[in-house]
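Visitor: Assembling the complex is the task here: the two chains are given apart, and the hints tell you how they should meet.
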Amino acid sequence: MHKTALFDIHESIGGKIVDFNGWALPIQFAGIIKEHSQTRANASLFDCSHMGEYTVKGIDAIEAFSKEIISDLSKIPVGRCRYGALLTESAGIIDDLITFRMAKDELYVVTNAGPLDIVTERLCANNPGMSNVSFETAKIDIQGPKARESALKAGFKDTEALKYFNALWTEWEGQRILMARTGYTGELGYELFMPNDLAKKVWSRFQEIDYVEPAGLGARDTLRTEVGYGLSGQDFNKDYTPLESNMQPFIDWDTDFVGKDALVAQRDSNTHDVLVPIQTSSRKSPRHGFDVFDGEQIVGQVTTGTFGPSVGFGIGFARVPQSLSSPGTELTVGPKKIDVEVSTIPFYADGTCRMKL
Amino acid sequence: MFPTDAKYTKDHEWIREEDGSYIVGITSFAAEQLGDITYVEVPEVGDEFSITNEVATVESVKAASDIYAPISGSIIEVNYALEDQPELVNENPFTGGWFFKMSASNVEELSALMDANSYESYVQEQDH
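These protein sequence lines map, in sequence, to chains A and B.
The opening residue of the first sequence carries number 12 in the working numbering; numbering runs sequentially from there.
The opening residue of the second sequence carries number 31 in the working numbering; numbering runs sequentially from there.
Any given hint might turn out to be false.
[What the hints assert, rightly or not] Mimicking DSS-like on lysine-lysine, the simulated pairs with C-alpha atoms at most 25 Å apart in a straight line are:
(1) A:271 with A:78
(2) A:212 with A:14
(3) A:27 with B:92
(4) A:271 with A:27
(5) A:14 with B:92
(6) A:347 with A:86
(7) A:367 with A:164
(8) A:212 with A:27
(9) A:348 with B:92
(10) B:131 with A:14
(11) A:174 with A:367
(12) A:45 with B:40
[Claimed, not checked] Under 8 Å between C-beta atoms, here's a sample of chain B residues computed to sit facing chain A:
(13) 65
(14) 66
(15) 68
(16) 69
(17) 89
(18) 91
(19) 92
(20) 94
(21) 116
FYI, nobody ran anything at the bench for these hints, they're computed from the structure.
Glycine included, C-beta positions come from ideal geometry on N, C-alpha and C.
The shape of chain B in the complex, shown without the other chains (with noise of 0.2 Å):
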């Protein structure tokens, strides 16, 4: 059911290997939860985080939502379309809802991230 393209994390992010870098989103168990998604606000580049610090925030019209790096990094590019649009997270969470791109300084964390069928299991838990 989720992208077997991607790694996920406890706080539902999913991030993707491509050509050297990493891709950063929300799943869309996160999307659904949060309902229509009304606000996002992204780092900038260049900004630098470790695993687990809070990156990004996201808002819907019921709650807002903190986003923690999945893995220690910079960001390389980021997702503007979503300033203007940010119902694109609802339409398109693992495409066109991206949120940015970033380096790795430490790849060894990707491992302890779960992968399709693992994070499948955990949001089945969730929703009980």
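Only chain A is shown next, with the shape it has when bound in the complex (with noise of 0.2 Å):
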């Protein structure tokens, strides 16, 4: 299993260390349920240096990397950061990602670790102009409320000028760090990235500030799911396409894409399934692989499935036929059949990511 630079650190403070797509990661610290209270109402770090970056210079590299993804380049300004996702010729989600506009002639481009040899594959083959950096790059996410306060005290000067969904270069200490305004927890946060030396001095001083706690991938998977980001390779993968999984706002049809035409040809046809989001009404959970039931007739598949500590009920999302998509439709899932509901997201509706600084 590959190590990320605060491994040690991990282990000496009872991270309970699991083997995340090949990454011995810890899955928790205090405990899932805790840690993520925390991050809704303090602030968490969470080492996400598993993912994957890369770096794309100058014009032609810019425009052939523009052409693999769904999203078009030039609505992303400088300092914005868009969302999208690579596909297939035939449209499955190769991986989703977002990309960052440092430059009028730099991006930076971040992705899961899952599918990274594949992504590294396509994107870096043919383009010299695009880096693969993500071994020599840590990711430290601290995401809460008082997240901004937290980068403050551990010394991260330019959060003010910092928008949501907006990054920057900051100087820490000298070194430079790449500053996004992004996350995946739905709270107001920062996600850093910066060279793997630096990662240790980073985070304890993070840690030092008393209300700041580290959180693992367990509470980072219920976050996310209580504001209903989908996971790479959990809720979508090249078995699915960006109509099936949720994406409709990301898909830029005026730009050129690998897997367009595919893609066009499912939108007009129309028959493809959707993923929904669905909640329970009481603290039983659906799970990840559980049958959807009509009735008794299978009609998809639970992709995501947990229990919700901020609302209070499971939650999760599953792919069904669009004639089954409407919140309020009433379904069944799982071995003992258990009710749910097809509702909408967020699932919790107070983050405080957008929070006007």
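Guide: Structural data, given as structure tokens:
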């Protein structure tokens, strides 16, 4: 298994280490629910160094990259980020990603750990201006309503300037760190991208703050589900298209991208399944892989299912036919046929991510 | 390490005698394996079970698990506090996190269960 630059720290503070896509990472420290609540109330630190990062330099490299993904890069002014995806020719999702425009001729792209090799091959093999910097880069997320205070206390200066879904290069103790006001929790926060040898220093500075606690992958998963974010490899993969994965708003139809023809055809015939949020009315939870039933008939699958600690009921996503996708539709899931209702995202509506600073 | 006044099953339930009835819960080992417990489904008072029947369900953030009757008998009392506070199971698996109290229809069945020492060895094997 790969180890991140922070592995020693996680082990020393009692993190429960698991294998996540080939990386040794903590699933929890104090406990998933404690960490989840802590993130919504104060601020938590996440080690996300397993994720993929790429630089794209030069107009030609940007041009070549833009033809690969569903995002229209001309819609991204300097300083801004855009969510998108990389598809196969048949419009299956290889990975979702976020593109940051750091300068007119410079992009920074963030992807997931699972498909890293395939994504690298696809994007870098024929694009000399695009480089995989994943293994040199550590990523620390600070997320929670107190994230900005924490960042200031930890020595990060530019938080005032940073609007939601924007990114900039900042200087921290004389070194360059990419600070993005993005995240996976629905709370105010930053994703900090840095060279590996800075990670322990940055982490320790945040840990010194009394209301900041470490959080693991378990809490990361409950937090993201509560605000409606999908997980690459679980809610979607190359067997499903963006239209089947709740990505409609992010498909830039007026731009060119690999898989466009197939996706247009699917859009026009409009018989595809869709990914919907589901919830129970009790503490019972749906689970990944549960069959979805309409009466006795299996009509789909649960892709993500868990308990939402901030909302107090079971939540998740399921892929079902469009005819069963309206909010309020009653279905059952799993071997014990628990009752669920199609609902809307976010399940948790009080996230602070868009807070005006 | 595990309370000596209880006996244990291979499925990590504990059972403790109290005034002729038997209190049942899951062990700290099971609770730890499950992680933060989010939901507990308890049986109804009066329900009857044979040994190893499924008698309750426990869900955590990442998994669900069935609880089996350690002995045959019927349910006398249920810990309804677990409905709103399933975390009691993680906090006090051997005391406040008890699941139900039952009568024993065949007390002999208890002798087949593990004592604290045997359960301790059993758990050590599991961890490898």
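Visitor: Now tell me if each hint is right for this structure.
Guide: Hint by hint, here is what the structure shows:
{"no.": "1", "hint": "A:271 with A:78", "result": "10 Å, holds"}
{"no.": "2", "hint": "A:212 with A:14", "result": "17 Å, holds"}
{"no.": "3", "hint": "A:27 with B:92", "result": "14 Å, holds"}
{"no.": "4", "hint": "A:271 with A:27", "result": "42 Å, violated"}
{"no.": "5", "hint": "A:14 with B:92", "result": "23 Å, holds"}
{"no.": "6", "hint": "A:347 with A:86", "result": "47 Å, violated"}
{"no.": "7", "hint": "A:367 with A:164", "result": "19 Å, holds"}
{"no.": "8", "hint": "A:212 with A:27", "result": "22 Å, holds"}
{"no.": "9", "hint": "A:348 with B:92", "result": "18 Å, holds"}
{"no.": "10", "hint": "B:131 with A:14", "result": "47 Å, violated"}
{"no.": "11", "hint": "A:174 with A:367", "result": "8 Å, holds"}
{"no.": "12", "hint": "A:45 with B:40", "result": "30 Å, violated"}
{"no.": "13", "hint": "65", "result": "6 Å, holds"}
{"no.": "14", "hint": "66", "result": "4 Å, holds"}
{"no.": "15", "hint": "68", "result": "4 Å, holds"}
{"no.": "16", "hint": "69", "result": "4 Å, holds"}
{"no.": "17", "hint": "89", "result": "6 Å, holds"}
{"no.": "18", "hint": "91", "result": "5 Å, holds"}
{"no.": "19", "hint": "92", "result": "7 Å, holds"}
{"no.": "20", "hint": "94", "result": "7 Å, holds"}
{"no.": "21", "hint": "116", "result": "7 Å, holds"}
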